[in-house]
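Q: Could you build the full structure based on these sequences and the hints that come with them?
Those protein sequence lines, which keep their order, are chains Z and L.
First residue of the first sequence: 1, per the UniProt record's numbering; consecutive thereafter.
First residue of the second sequence: 1, per the UniProt record's numbering; consecutive thereafter.
Hints were generated in silico from the structure; no laboratory data involved.
One should not assume that every hint holds.
For chains that are exact copies, the list does not tell them apart, and a pair is met inside one copy or across any two.
As the list claims (entries may be wrong) - No more than 20 angstroms apart at the CA atoms, straight line, and that leaves these computed lysine to aspartate or glutamate pairs for DMTMM-like: (1) K104 x D120; (2) K96 x E163; (3) K244 x E107; (4) K276 x D49; (5) K96 x E107; (6) K104 x D141; (7) K154 x D227; (8) K299 x E30; (9) K179 x E125.
Number of protein chains: 2
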Amino acid sequence: MRFEVTILGSSSATPIYNRNPTSQVLNVNERLYLIDCGEGTQQQMLRFDIKASRIDHIFISHLHGDHYLGLVGLLSSLHLNGRKKPLFLFGPAPLKEIIDLQLKYSETVLQYPIEFTPTDANKIETLLANEDVTVDTIPLDHRIACTGFLFREKKRLRKLIKEEIERLDVPVHLYTAIKKGADYTAPDGKVYQNDLLSIDSATPRTYCYCSDTMPVEKYYEQITGADLLYHEATFLNTMLDRAKETHHTTALQAGEIALNNQVKKLLIGHFSARYKVLDELLEEARSVFPDTELAIEGKTFLI
Amino acid sequence: MRFEVTILGSSSATPIYNRNPTSQVLNVNERLYLIDCGEGTQQQMLRFDIKASRIDHIFISHLHGDHYLGLVGLLSSLHLNGRKKPLFLFGPAPLKEIIDLQLKYSETVLQYPIEFTPTDANKIETLLANEDVTVDTIPLDHRIACTGFLFREKKRLRKLIKEEIERLDVPVHLYTAIKKGADYTAPDGKVYQNDLLSIDSATPRTYCYCSDTMPVEKYYEQITGADLLYHEATFLNTMLDRAKETHHTTALQAGEIALNNQVKKLLIGHFSARYKVLDELLEEARSVFPDTELAIEGKTFLI
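A: If you want it as structure tokens, here you go:
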């Protein structure tokens, strides 16, 4: 099953050096989930050939402009391009008010419904659970209310051991029950334990998105063991004081968080405009956590 | 005196084919005036090396997203980049409410003042008059309240005729009075008429920005004789019904407006997403008004 993230923007605060503000598209089993939507996100989608019409779920972490100012334009374009199916939007409660105000004054009545779910930065909530994925909020610690998002693949059903199923001539109508863990009672009354007939499916993969935040204990448990952790790394550690003051993370800290929480792979982003070249940020994170990559626009990372 | 306009975006409604939503920068005597600010305008300024910090005046025609959704991002970037001097903003009254709401929820207190002047689409008003230029609104006819803008160079003082001034030994302290039209009385009591001592300065040039609108009589007088008219030409004339329905103009109509109102040069823009190539729009406008150009991003047009 496809489970990968494409970076649309990874600049913090202001667009610069051809780096756009934060946005990512997660592809889970060919469904697209948009995470944050900085200004210019719809232009980035055109650039990287990502069809906005395929997005049904949008997650906004917080209400700093670099994470959501592209949203109203995107919603409007979907409307103008004929969207009819619902769009599920998750973000801080005032986001709805901001959208509604702008639609009101442009006298736009969207042709499709927005199903809005407000997030609460004070507790972990499950925002979504479908056949592919569950999405939980990750309460972060930023200057304003902010949540990350934890995407966890849905656990697949067990896989039938074809040879045994055929050897025992198990009726087809029992396959699903066995995939779900049931034992099998043969016509002669003999009971076959489930693990003789099926094997466990792969462990569900997880993608954690943590931006913007300072490093604080409270979200470490949720990200532990993540297959891929996107973590903001706004500054080099020489700017630690500035990072603390603005509730951000340094590249060194991001590496430490990945290391200490047994993350499998780390992706850093949300780069400050002061860094024209990003090598030093990458080197700093890699100095503690070698399997680190930069969230470069247009790049896709398998999870 | 420099008087030229650089196109930052000329797509209508949605960004497409690398065309961004509407925005232009007018340079009048090295002062920059921003006209409309669609999503991605600040990225376009970076791309075309236009320093946002040099902009002191922003004019927003109306509250359809493709004309203003880049504004809050730009205002925020100016703040983050340390702007302290006031910014003068002109646009429909609710624009202030939209900005304030977004600043409120991002908990941003701008470091510089915004001096906001609401526009009234029902009457002509002078928004600005400084040593270089006056700016009047042009009430247009769109689906929602919308004004264009008429930029008229300030009439310069008369130019002294150096040879006569020297021959008559006119005292330097009288130069300004003569430039302003005064006659000169020599020590012997003889009066020299002003037009013997000075010549009229050039006729002030005008730039008219008309987007979005359907073609209606009411604004023709204001644009008559314009040195450069930017007029929207959203559709080909084959889409005339659609143009009427959406209160837009066709390329043919834009050409006719330029012709009938003795405009010197026409610039068309606000191209519908249905036109990947713009040649036909240009040809159609030129069929009635040959001196027409396309508002291509990054191009600068002298006025």
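Q: Each hint needs a verdict: does it hold in this structure or not?
A: Verification of the supplied hints:
1. When the C-alpha separation of K104 and D120 is checked against a cutoff of 20 angstroms, the pair qualifies only between copies, where the shortest distance is 18 angstroms, while the shortest distance within a copy is 26 angstroms.
2. Neither within a single protomer nor between protomers do K96 and E163 lie at most 20 angstroms apart by alpha-carbon distance, with minima of 55 angstroms and 70 angstroms respectively.
3. Taking the shortest Cα distances, K244 and E107 sit within 20 angstroms of each other only across copies (18 angstroms), while inside one copy they are farther apart (42 angstroms).
4. In this assembly of identical chains, the alpha carbons of K276 and D49 lie at most 20 angstroms apart only when taken from different copies (16 angstroms versus 26 angstroms within one copy).
5. In this homomeric assembly, K96 and E107 come within 20 angstroms of each other (Cα to Cα) both inside a single copy, at 16 angstroms, and across copies, at 17 angstroms.
6. In the homo-oligomer, the alpha carbons of K104 and D141 lie at most 20 angstroms apart only across protomers (19 angstroms), although the nearest pairing inside one protomer, at 33 angstroms, exceeds that limit.
7. With identical chains, the CA atoms of K154 and D227 are at most 20 angstroms apart within one copy only, with a shortest distance of 14 angstroms there and 64 angstroms across copies.
8. In this assembly of identical chains, K299 and E30 lie within 20 angstroms of each other by CA distance solely inside one copy; the values are 17 angstroms within and 40 angstroms between copies.
9. In this assembly of identical chains, the alpha carbons of K179 and E125 never lie at most 20 angstroms apart, being 29 angstroms within a copy and 74 angstroms across copies at closest.
In terms of the numbered hints stated before, the structure departs from hints 2, 9, listed from lowest to highest.
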